[in-house]
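Novice: Okay, here's what each chain looks like letter by letter:
Number of protein chains: 2
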Amino acid sequence: MAKAKAFGQRTAAAKAKQKSGGPQKEVNWINLAISVAIGVALWFVPAPAGLAQQAWHMFAIFAATIVALIIKPMPMGSIAICAISICVLTGTTSLKDGLSGFGNSTIWLIVIAFFISRGFIKTGLGSRVAYIFVNKFGKKTLGLSYALAATDLVLAPAMPSNTARAGGIVFPIVQSLSRAFGSRPDDGTANRVGSFLHLTAYQVDMVTSAMFMTSMAANPLAVQLAAEAAGIEITWVGWFLAAIVPGLIALVVVPLVIYKLNPPEIKETPGAAAMAQEKLAEMGPMTLAEKKMIAVFVLVLVLWIAGSSIDLNATTTGFIGLSVLLLSGVLTWDDVKSEKGAWDTLVWFSALVMMAGQLNTLGMIPWFGELMSSLVGGMNWVVAGGLLALVYLFSHYLFASQTAHVTAMYAAFLTVAVAAGTPPMLAALALGFFGNLNGSLTHYACGPAPIFFGPGYVSQGKWWTIGLVVAVVNVVIWMGLGSAWWKVLGLW
Amino acid sequence: MAKAKAFGQRTAAAKAKQKSGGPQKEVNWINLAISVAIGVALWFVPAPAGLAQQAWHMFAIFAATIVALIIKPMPMGSIAICAISICVLTGTTSLKDGLSGFGNSTIWLIVIAFFISRGFIKTGLGSRVAYIFVNKFGKKTLGLSYALAATDLVLAPAMPSNTARAGGIVFPIVQSLSRAFGSRPDDGTANRVGSFLHLTAYQVDMVTSAMFMTSMAANPLAVQLAAEAAGIEITWVGWFLAAIVPGLIALVVVPLVIYKLNPPEIKETPGAAAMAQEKLAEMGPMTLAEKKMIAVFVLVLVLWIAGSSIDLNATTTGFIGLSVLLLSGVLTWDDVKSEKGAWDTLVWFSALVMMAGQLNTLGMIPWFGELMSSLVGGMNWVVAGGLLALVYLFSHYLFASQTAHVTAMYAAFLTVAVAAGTPPMLAALALGFFGNLNGSLTHYACGPAPIFFGPGYVSQGKWWTIGLVVAVVNVVIWMGLGSAWWKVLGLW
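These protein sequences, in sequence, are chains H and E.
When we follow numbering that gives the first Met the number 0, the leftmost residue of the first sequence carries the number 0, and every step to the right adds one.
When we follow numbering that gives the first Met the number 0, the leftmost residue of the second sequence carries the number 0, and every step to the right adds one.
Isolated chain H, as found in the complex:
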């Protein structure tokens, strides 16, 4: 609570300062000192027996970076630049190794997906999809929520920023629908439709984020960490197959649950379909650019799904898709250069992957794995793995970023789960999914959370209560029904 408030205040203050043209203070020196102090303290602690000094030093820098990602003395990118500088300057890694993350193919998959997703926004195709669904399913309020879920689902495979997807495309439509039905946050009309739609649109975004390797920026980070920490190779289609059944069930169930717990006062919305039709008429027939965008989207999806069979790497597919978008004029080179989210992700992702890779190469992760094996070996893996997954999910109350959460806990939890005997691919995927579903819990859980919480349709108490229920529902769906599906797939 205190954390979220401080977070909100700082953002507002920063914006105000920016507007006034004054200097932007984006470095919080106290939090920076805390991060550095932890790193320095660890650095001078002798390495545990069986671990090289250099590996321990790498861990000290990594730990300081994780603390910084959590308490945010600076933006993630700045932290990443400083972390790389320190790794290289202290000789903990060579310059070549320090820059190795920038050439990582998993990172470029997500960078390229950011560029491709710009096409949805630029061409207007994203909004058109939303209006088509609202027009089809929007005669009732519940139908409206499914229309928003369908929009989010359709865009998710090639739109790795859930903030851009839910915040950029769905949120404006939620806002205008709420206003159209006379539902405002501050005059007692919040519950007409606004409260229900804001909550539902946010919660389904957490589900779609879990469903594809390319629907959330931290998913490939989990994939990369799984490879580094446990030698597990998760493919695009492997992630997709495991998530599709529990994901679709969750997309059906979650809006129903919220509908029960927080029923909208207005239940019939014939006006919404009419409004959507009007918007579609305004947009006119589909433009050539939108058609090209659809073609590229289908091409990329087909190649991602067929990739394992035809030995085509998902990143190569991404490059093909981007090339076609540039050649066909859907995107200009300036669109690519201006896609700040992609460059941001390139930098923080590269620093984290580089450090995780070095921890592995230098022996820290194997050492930790052996240590855990001796501690948890012989436990019942179903109990151990299940408990680990639950702790992993609910510990997100302590995080204001899913990337920070994955970085801090994914590799360690996966190592322990595997050491306890959990089938490695099962553990890797389940933790990957839960790293998205944990967004349900709070209004500061991830990028889209403050966007949907911000307008004030939903009180904090309601957000947390419903968030907790949705999280439990997701646990039941993914660990219960999901486990059965994963058994069918042969994951355990």
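No wet-lab data here; the hints were simulated from the structure.
One should not assume that every hint holds.
[Unchecked claim] In silico DSBU-like pairs for lysine-lysine, Cα to Cα no more than 30 Å straight-line:
#1 H:278 x H:121
#2 E:278 x E:121
#3 E:139 x H:290
#4 E:290 x H:278
#5 H:266 x H:278
#6 E:461 x E:139
#7 E:461 x E:266
#8 E:461 x E:259
#9 E:24 x H:339
#10 H:291 x E:24
#11 E:139 x E:266
#12 E:291 x E:121
#13 H:339 x E:461
#14 E:291 x H:339
#15 H:339 x E:135
#16 H:24 x E:266
#17 H:278 x H:291
#18 E:339 x H:339
#19 E:461 x H:24
#20 H:95 x E:139
#21 E:24 x H:121
#22 E:339 x E:291
#23 E:266 x H:290
#24 H:139 x H:266
#25 E:290 x H:24
#26 E:266 x H:121
#27 H:95 x H:121
#28 E:278 x H:291
#29 E:135 x E:121
#30 E:290 x H:339
#31 H:24 x E:278
#32 H:135 x H:121
#33 H:339 x H:24
#34 E:95 x H:95
#35 H:266 x H:121
#36 E:135 x E:266
#37 H:24 x E:339
Here the structure of chain H is known, so what remains is to put chain E in place on it, guided by the hints.
Specialist: This is chain E only, laid out in the frame that chain H set:
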């Protein structure tokens, strides 16, 4: 001429379209077809004896890319993305090798230098430096031109975009000085001071670009190609030492030559110093941000110069400088994400370095080197090397981009020069310098050229005539006096 006109027209047309919100056509299909046709034709030609098929395929893609860089069917970045896609999709390189350029340390040196240089613009320090020099030396028109040269020189080591340096900082001051002295392009007053100042500011920018590894984006490309093609390791300080003597002489002589050939009608400009003083008064005392910027600039320069002695890589120094700028709040992370020039350079540079590296690894460059040795071995290297340097310089009449020129010709010319017996480091550096000095020739030679030519103070005939004379003067200074200095340094 036709080329330059087409270039200007296209840019203007593109801008107009962008404003009207219509589709931007940035792909020229005819030029694209030409590039692709050349690549496809080469691909199906059998590889020359002694060369692996894969190396020849790599060369076919590389050749098509070079043609594309020259005839520009698309922006450089788009060409780079397509080139990487084709390399990987055809299996000519693995995906890992295809992305290897992105982790190259030379590339990150220049990317980071772009970020650091943003600090000069953002803090206003760049303009302040210019006004200080104008205030000191600007009592005469000739002095003014030295003030502009000094500004450019001071900023050059940490500002790798000569377009940003000359176009962003010096050009606005040239414009306002010209107007202040009643010199306009279209009413017969161009020669009062405007014509002289525009020409001189441009020509000295070509000299400062040649003086530092980090003062032009294509310089590190030459460094990288020298390493790939001939195993020559040029350090930051090695480049600097070789260039400093001929560079400083050229900075003194070139304005004098232009002063003789194109004398300004107004020779005394006491008002300029007064104007600069007024501007400085307006700016007020130096801000804290400017002082921090100076500190970082000095730190980076000292470490670049001392780097070889203390075994600190220039890229590591760049990371330290950027970290300090972010920590001290001179730059925000958003400044970094928004620095399009840096991301642009990262992409095209990575593609080119990757392809050059693969040509070397696959055996094309060694094969070419041996072939050349057998052809030119036994020639007098002074004659051969000198002729190659001259052909390299004057062939820039055919190029509208110095990067395209370096990519297309640097490695081949260096290989031939070395095969003829030219001392490798001498050849590598001389070609590196000439890759900048060739900008003198035309009004489409490189980024800053159309900026200074555009306002119309200088006719095309005058630009070309004076450009040719300045190029010859530079040849005399760099090959004549420079050679003596390089003898002192032990380069031959």
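Novice: Please go over all the hints and tell whether each is borne out by the structure.
Specialist: Now the hints, each set against the structure:
Taking the CA atoms of residue 278 of chain H and residue 121 of chain H, the gap is about 17 Å. The hint holds against a cut of 30 Å. Proposed proximity of residue 278 of chain E and residue 121 of chain E is supported: the alpha carbons are some 17 Å apart, at most 30 Å. This hinted pair does not check out: residue 139 of chain E and residue 290 of chain H have alpha carbons roughly 62 Å apart, beyond 30 Å. Proposed proximity of residue 290 of chain E and residue 278 of chain H is contradicted: the alpha carbons are some 53 Å apart, above 30 Å.
As the CA atoms of residue 266 of chain H and residue 278 of chain H are separated by approximately 22 Å, the hinted pair is consistent with the 30 Å bound. Restraint check for residue 461 of chain E and residue 139 of chain E: the C-alpha separation of about 23 Å stays at or below 30 Å, so the hint holds. This hinted pair checks out: residue 461 of chain E and residue 266 of chain E have alpha carbons roughly 20 Å apart, not beyond 30 Å. With a C-alpha separation of about 13 Å, the suggested pair residue 461 of chain E and residue 259 of chain E falls inside the 30 Å cut-off, and the hint holds.
This hinted pair checks out: residue 24 of chain E and residue 339 of chain H have alpha carbons roughly 23 Å apart, not beyond 30 Å. Using a Cα cut-off of 30 Å, the hinted pair residue 291 of chain H and residue 24 of chain E holds, with the two alpha carbons roughly 15 Å apart. Taking the CA atoms of residue 139 of chain E and residue 266 of chain E, the gap is about 6 Å. The hint holds against a cut of 30 Å. For the hint pairing residue 291 of chain E with residue 121 of chain E, the CA-to-CA distance comes to about 12 Å; that is within 30 Å, so the pair holds.
A hinted pair counts as satisfied when its Cα atoms are at most 30 Å apart, and residue 339 of chain H with residue 461 of chain E does not qualify at roughly 43 Å. Restraint check for residue 291 of chain E and residue 339 of chain H: the C-alpha separation of about 26 Å stays at or below 30 Å, so the hint holds. Annotation: proposed proximity of residue 339 of chain H to residue 135 of chain E is violated, straight-line Cα distance about 41 Å (limit 30 Å). Annotation: proposed proximity of residue 24 of chain H to residue 266 of chain E is violated, straight-line Cα distance about 47 Å (limit 30 Å).
Distance restraint check for residue 278 of chain H and residue 291 of chain H: the Cα-Cα separation of roughly 21 Å lies within the 30 Å cut-off, and the hinted pair is therefore satisfied. With a C-alpha separation of about 9 Å, the suggested pairing of residue 339 of chain E with residue 339 of chain H holds against the 30 Å cut-off. For the given pair, residue 461 of chain E sits about 50 Å from residue 24 of chain H by alpha-carbon distance, which is inconsistent with the 30 Å threshold. For the hint linking residue 95 of chain H to residue 139 of chain E, the alpha-carbon distance of about 51 Å lies beyond 30 Å, and the restraint is violated.
The suggested pairing of residue 24 of chain E with residue 121 of chain H holds, with an alpha-carbon distance near 15 Å, which does not exceed 30 Å. Among the hinted pairs, residue 339 of chain E with residue 291 of chain E is consistent with the structure: their alpha-carbon atoms are about 24 Å apart, no more than 30 Å. For the proposed pair residue 266 of chain E and residue 290 of chain H, the alpha carbon gap of about 62 Å is over 30 Å, so the pair is violated. For the hint linking residue 139 of chain H to residue 266 of chain H, the alpha-carbon distance of about 6 Å falls within 30 Å, and the restraint holds.
Between residue 290 of chain E and residue 24 of chain H the alpha-carbon distance is near 17 Å, which keeps this suggested pair within the 30 Å criterion. Taking the CA atoms of residue 266 of chain E and residue 121 of chain H, the gap is near 53 Å; set against the 30 Å cutoff, the hint is violated. Proximity of residue 95 of chain H to residue 121 of chain H is assessed by CA-CA distance (about 37 Å); at most 30 Å being required, the pair is judged violated. Distance check on the hinted pair: residue 278 of chain E and residue 291 of chain H sit about 52 Å apart at the alpha-carbon level, beyond 30 Å; violated.
For the suggested pair residue 135 of chain E and residue 121 of chain E, the alpha carbons sit about 24 Å apart, so the restraint of at most 30 Å is met. Proximity of residue 290 of chain E to residue 339 of chain H is assessed by CA-CA distance (about 28 Å); at most 30 Å being required, the pair is judged to hold. At roughly 28 Å between alpha-carbon atoms, residue 24 of chain H and residue 278 of chain E fall within 30 Å of each other, so this suggested pair holds. Distance check on the hinted pair: residue 135 of chain H and residue 121 of chain H sit about 24 Å apart at the alpha-carbon level, within 30 Å; holds.
Taken as a hint, the residue 339 of chain H and residue 24 of chain H pair is honoured in the structure, with Cα atoms around 20 Å apart against an allowance of 30 Å. Simply put, residue 95 of chain E and residue 95 of chain H have alpha-carbon atoms about 15 Å apart, close enough for the 30 Å limit, and the pair holds. In summary, the hint linking residue 266 of chain H to residue 121 of chain H is not supported, as the alpha carbons are separated by about 33 Å, beyond the 30 Å threshold. Among the hinted pairs, residue 135 of chain E with residue 266 of chain E is consistent with the structure: their alpha-carbon atoms are about 16 Å apart, no more than 30 Å.
Note on residue 24 of chain H and residue 339 of chain E: the hinted pairing holds, with a Cα-Cα distance of about 23 Å set against a maximum of 30 Å.
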